[in-house]
Amino acid sequence: MFAITAFYHRYFSHRSFQTNRFWQFVFALWGATSVQRGALWWAAHHRNHHRHSDRPEDSHSPLQRGFGWAHWGWFLSRRHFKTDYAMVKDLARFPELRFINRFDVFVPIWSGSCAECPLLS
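Per numbering that gives the first Met the number 0, the sequence shown starts with residue 0, numbered consecutively.
Derived from the structure by calculation, the hints contain no laboratory data.
Mixed in with the good hints there might be a few duds.
If you anchor each label on the Cβ, the simulated ranges turn out as follows [to be verified]:
(1) HIS51 / ARG20: 29 to 35 Å
(2) PHE80 / ASN19: 27 to 33 Å
(3) SER52 / GLY111: 33 to 39 Å
(4) GLN17 / PRO55: 31 to 37 Å
All C-beta atoms, glycine included, are put in the ideal place defined by N, C-alpha and C.
Working from the sequences, and respecting the hints, build out all of it.
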C-alpha cells in the first residue's frame with residue numbers, strides 16, 4: 000500500500016514531488032505490484048475523481064452508489080477498465096509508463112514469480 004499512497008497517489012496523480020525518469024519507472028512498477036492496475040490508469044481515474052468529486056461523473060463516489068462500489072465495485076467494473084489518456088497527458092508521453100499500463104496484469108505475476116525463485120533452489 001505504500002506504493003499506492005506515495006507513488007500512485009502523491010506522485011502520479013498530484014505530482015507532489017519530482018524525480019527522474021528512472022525512479023518514475025521504478026515507482027510505476029512498484030505500484031503495479033499492488034494489483035491496482037497501471038499508474039496511468041490509476042492517476043487518470045483519481046484526477047477524474049477530484050474533478051467530479053461526489054457527482055455522477057465521479058467513478059467511485061460513495062454518495063452515488065454506496066460504500067462497496069466506492070471501495071472495490073467500480074474498480075472491478077468493465078465500465079471503468081479503459082485509461083483516459085487525456086487526463087494524464089503529462090505522463091502518457093513516457094513509453095515505459097504506457098507499457099506498464101498496457102501489461103499491468105503481468106507485473107504482480109512477475110513479481111510473485113521472482114519472489115518464489117529463491118525458494119525453488
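Which earlier hints can't be squared with this structure? none
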